[in-house]
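Peer 1: Here are the chains, one letter per residue:
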Amino acid sequence: EPEVTQTPSHQVTQMGQEVILRCVPISNHLYFYWYRQILGQKVEFLVSFYNNEISEKSEIFDDQFSVERPDGSNFTLKIRSTKLEDSAMYFCASLLGGLGTEAFFGQGTRLTVV
Amino acid sequence: QQPVQSPQAVILREGEDAVINCSSSKALYSVHWYRQKHGEAPIFLMILLKGGEQKGHDKISASFNEKKQQSSLYLTASQLSYSGTYFCGTNKRSNDYKLSFGAGTTVTVRA
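Chains X and R are the protein sequences, given in the same order.
If you read the first sequence in the working numbering, its first letter stands for residue -14, the second for the next number, and so on.
If you read the second sequence in the working numbering, its first letter stands for residue 320, the second for the next number, and so on.
Since the hints were derived computationally from the structure, they do not count as laboratory data.
Nothing here was measured: the structure is a model prediction, and the numbers come from that model.
Any given hint could be a false lead.
To be verified - Each pair of labels, with its calculated beta carbon distance range: (1) GLN327(R) x ASN36(X): 24 to 30 Å; (2) PRO55(X) x SER413(R): 41 to 47 Å; (3) ARG7(X) x HIS376(R): 44 to 50 Å; (4) ILE45(X) x TYR393(R): 18 to 24 Å; (5) ALA396(R) x MET0(X): 46 to 52 Å; (6) ARG332(R) x LYS68(X): 18 to 24 Å; (7) THR395(R) x LEU69(X): 40 to 46 Å; (8) PRO(-7)(X) x SER413(R): 32 to 38 Å; (9) LYS387(R) x VAL99(X): 42 to 48 Å; (10) GLY57(X) x ILE362(R): 39 to 45 Å; (11) ARG412(R) x ASN13(X): 19 to 25 Å.
Yeah, the Cβ is synthetic: ideal placement off N, Cα and C, and Gly gets one too.
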């Protein structure tokens, strides 16, 4: 069964450092998302990406964040100058699009900022 | 705008039933239900679309009342494997696939 793959599974970084979280969506999917889940809390939408550009972003997704799909397969989330409050599980999701389409989530990257 | 889920938590004995509700103040196009085990990714359970039928998978089923803008997830004859946090995700338009998630309902099934 096709799956969304995320790397690394766990990243520890020092405050102020930049991190890049990587995702390989399902190959024929067209819509890509990053979500964040702070420990014990709900899943929060960060950004959606379609046709090689951001289609929507939440208020969480400020200038500190950026996304790219550099080579047509990888989908990356870059967080510049990380803060303690960026510590969370980051999920990538992809979906094909169309009626009744479901979002497939990756296993997540646990980011710990120290 | 995020949907509101209730209850926040429920504890069941194996074989008991439970209902989880998800409601929105805005008109909905679809409701997606996911279950998440601790430290894992949300796993898709089912989608309910506006104008669609009630869905079911094994002993887990769901309904969608468009007029009330709410969905209910029914856990019937619960099994230990049903333990986890259940999230509903909603979207308002057919061409907008971004999901807004509720805060989740933690289900604990005990033997």
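Peer 1: Could you run down the list of hints and mark each one as holding or not?
Peer 2: Going through the hints against the structure:
1. GLN327(R) x ASN36(X): 24 to 30 Å: Violated, since GLN327(R) and ASN36(X) (Cβ atoms, about 39 Å apart) do not stay within the stated range.
2. PRO55(X) x SER413(R): 41 to 47 Å: violated, 30 Å
3. ARG7(X) x HIS376(R): 44 to 50 Å: violated, 32 Å
4. ILE45(X) x TYR393(R): 18 to 24 Å: violated, 33 Å
5. ALA396(R) x MET0(X): 46 to 52 Å: holds, 49 Å
6. ARG332(R) x LYS68(X): 18 to 24 Å: violated, 43 Å
7. THR395(R) x LEU69(X): 40 to 46 Å: Once the Cβ atoms are compared, 43 Å apart, the range 40 to 46 Å for LEU69(X) and THR395(R) holds.
8. PRO(-7)(X) x SER413(R): 32 to 38 Å: 36 Å Cβ-Cβ, so the 32 to 38 Å window holds.
9. LYS387(R) x VAL99(X): 42 to 48 Å: Given about 46 Å between the Cβ atoms, the range holds.
10. GLY57(X) x ILE362(R): 39 to 45 Å: Violated: the Cβ-Cβ distance is about 27 Å, outside 39 to 45 Å.
11. ARG412(R) x ASN13(X): 19 to 25 Å: holds, 23 Å
The structure fails to meet hints 1, 2, 3, 4, 6, 10 from the earlier list, while all remaining hints are met.
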